[in-house]
Amino acid sequence: MKTSSPIPRILLVLLPALLLFLAGCAYPTLPPTTPPTTPTTIPAPEALTIVTHDSFDISEEVLNRFHEDTGIEIKVLKSGDAGEMLNTLILSKENPLGDVVYGIDNTFLSRALEADLFAPYDAPALADIPDDLELDPEHKMLPVDFGFVTLNYDIAWFEQNDLDPPDDIADLTDPAYKGLTVVENPASSSPGLAFLLTTVGRFGTEGDYTYLDYWRDLRANDVQVTEGWSDAYWGVFTVGSGGEGDRPIVVSYATSPVAEVYFNELESPPTASVNTPGNSFKQVEFVGILARSPHAQAARRLIDFLLSPTFQEDIPLHMFVYPANSKADMGDLFRRWAEVPTEPVSVSPEDIARHREEWIEAWTDVVLR
Amino acid sequence: MTSLSGSHTELLASDRKRPERRIQAAVRARGYWLLALIPLTFLSLFYFYPLLAILRLSLFPDGRFALDALRPLYEKPYYAGVLWFTTWQATASTAGALALGLPAAYIFARYRFPGKSLLRALTTLPFVMPTVVVATAFTALLGSRGLLNQILAGMLRLDAPPIHLQNTVWIILLAHVFYNTSVVIRLVGGFWANLDPRLGDAAAVLGAPPWQRFRRVTLPLLLPAIAAASILVFLFNFTSFGVILILGGPGFATIEVEIYRTAVRLFNLPVAAVLSLMQMAFTLALMALYTRLQARLTVPLDFRPRTLTQHAPRTRRERLLVFGMLGVLGLFLLSPLFALLLRSVTLGRGPTLAYYRELFVNRTGSVFFVTPIEAVRNSLFFALITIVLSVIVGLSAAYLLAGKGRGRLAAVLDPIFMLPLGTSAVTLGFGYVIALDEPPLNLRTSLLILPIAHTLIAFPFVLRALLPVLRGMNPNLRRAAASLGAPPARVFRHIDLPILARALLVGIIFAFTISMGEFGASLLVSRPQFPTLPIAIYRFLGQPGLNNYGQALALSVILMATTAVGFLGIENLRYGDIGEF
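The listed protein sequences correspond, in order, to chains A and B. Each residue of the first sequence is one higher than the last, beginning at 2 in the numbering used here. Each residue of the second sequence is one higher than the last, beginning at 230 in the numbering used here.
Among the hints, a few may not be true.
What the hints assert, rightly or not - Going by beta-carbon spacing under 8 Å, a handful of chain A positions derived as facing chain B: (1) D58; (2) E62; (3) T89; (4) L98; (5) N186; (6) T206; (7) E228; (8) G241; (9) D247; (10) F264; (11) S269; (12) L369.
Worth flagging that the hints you see were computed from the coordinates, not collected in a lab. Heads up, the beta-carbon is just placed ideally off N, CA and C, and yes, glycines get one too.
Generate the whole structure from the sequences, applying the supplied hints.
Pasting the structure below:
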């Protein structure tokens, strides 16, 4: 039977084309080989790579300043949210994606340290960073910024409905607040986990009224749970997307109101955060040098830069968190609208690492199943 | 008749030049193996190699099987529940997409009406929309304060909203139908359009009523295309992720969602790996079943050009049917998109283009700022590479599977080709990080990893679009051309290509769509200076402020517009007589 399909030959032309193409693709991604121009000193690399999470942002001008000062270019790689990033870092430990990591937070700190990803560095700038932020005594992870997860509410909604806005997380279980709150799933969201930790720190895991009792009451009071911050803020919170949502209380950040003011050029924020004692969780973000980076010396200069007032003062209006360096000015807008919550709840990174899975599981059983 | 004369010519030919034929056969055999090399090389490098690397690392962390870590799997009945939910919601969603898609496919296949290609382009748009954005559109329409509830509450004089869909399984099914109906419309509609209507006419002459004609004649002929569309839609729903997380809320989990939670949040890679394997085993089993079915369904057909199969609706009944169906489609698929468009120009104030203008302003001086034009350019660049790769891999895979006497080969290879669709993106994403990290495959931070990952999802669409046509193509056409002395290249150019062109365009449309959408983008290491449109949209959704939300909506509208223009461009691709069919 003559069943000659004429196609093979045509595709045979395409096969080498495909292979050539792929070879071509691979080529430009090879790391630039720096010719050893000055053999006497360790040559500075042409570029350093920061591995970070999706929320990282900074102004072009500030980032370029490092290049002007040192001749080293900064490249940025993003690898999902903080949890996804840490996974990627652990998986690529032997052959790291970059030189410096920005944005491991205190909920992931122990996990990151256990994985032994970072090389210690006693940065001079640590002198200007408050001691309570330094959670890693070995200085493998250096605090770079911090923020607070806390309740936000819709000011206008509470005025219109003649109800006092909440000023304590315990208020949310009051029948008057039934069906008003949206929180994020701690299994999938970083503010969600922070809020769960707030309740753990506040109510404890043993005694008459544990964090699980609180969540039982919250569930009975018709709390809504979303997977992530975006779904809660844009989809459910009354302020977020301008009227589509139907809940006036959301778990967000102490700095969300200032972001509302800044991005919408408003006189005052439409939302307020609950900054009273015992109602917020402090999130500290860290930077560190990847132990396997071949450019340790240059990476230290980059860490110095990230902790310097130049970079630190650019943090607030780009990432909406507070600078770790106390010498850095947070700016007028932050001073006016981003009050730092008093006496945040604290849970140690070791406790978090040890019990994270257990607390999340217990929470899931109580709230979702 | 034709088949007789065909074999007759061949007999004569084989008598005359036997030695040449043996050489030709050898060349053909080698050709087939080289043909097989294209999809197999691609899959080996970018699928099996990274996948096996991550599975090995997960299951044998210290060289020993991680049995202890797997305890939750058999100790908790929860996982059986997840598998059950994953399967039934995928089945129900697929049934929904067929219920809406088949009548629509009929309308598009058999009738001509004004604005047809635009409408068809619009019905495919849901496919590219980021889930968060679709979720807000759904909320705007179906939420407790949404349009539908307001209308119903007004009409029925109710105090409370009558419809509660949020965080129910219904909204998951609705969203899946919304996303996937276009697969049915395009794959089945495209096949249907070239089906010879005279077969039905003949049945009518013999006295068969319309329903009988459909059931006995049209439906059996359509089955290969329907099966192909169903399997794609099913696999998409089976591995659904964003819809479940965002619209369904935390009360629902598919295996894919569970893999993500286990791997990323609980750091339990062994359990995630076993769940991935479960998902793949299910996909393989399903595909094996499908392949066996498919082989039985295929009959050789004479495809007809569309000029002969389509006409404008003539009678009142036909007009009612066509425009009624279009109305349903519009309501279902287009109203959420229209809601987005409307919101993007009215959000927070009167009619305004402020959010579109704002897109061009780098107010924060951010290093990651890109203009919408650059984002469009990036998206189109990745889409173009995805299309080229998908066509090369998909076309060669289709010829490999459709070849005569390749039944057993197809039975093995076809499920393998579909496997990427049923594979966890999280798992594969991690696989890329650990496996593609050294030259010559140092691709994990390369820009090209995105189109390569997209091609894994996109080439099965090209394959599925081509296979029913390729298998149904009457072999005598080729034989006749060959016996008249046409060299293989000319046979391909003048016989295969014109008949395949439509199906190829359908495949290209989906490759384009998949690349323009958000598929797996967040699970790969990204270079933030080159954001695609969906990534740029997510960036705006990362921080509070109506202005950010407005810009996200505006950019979503730009994504819709770019994709729609792309569709129209691809559909109107013409080269000589190719594409006219």
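Legend entry - Numbers of unmet hints, in rising order: Failing hints, ascending: 6, 11.
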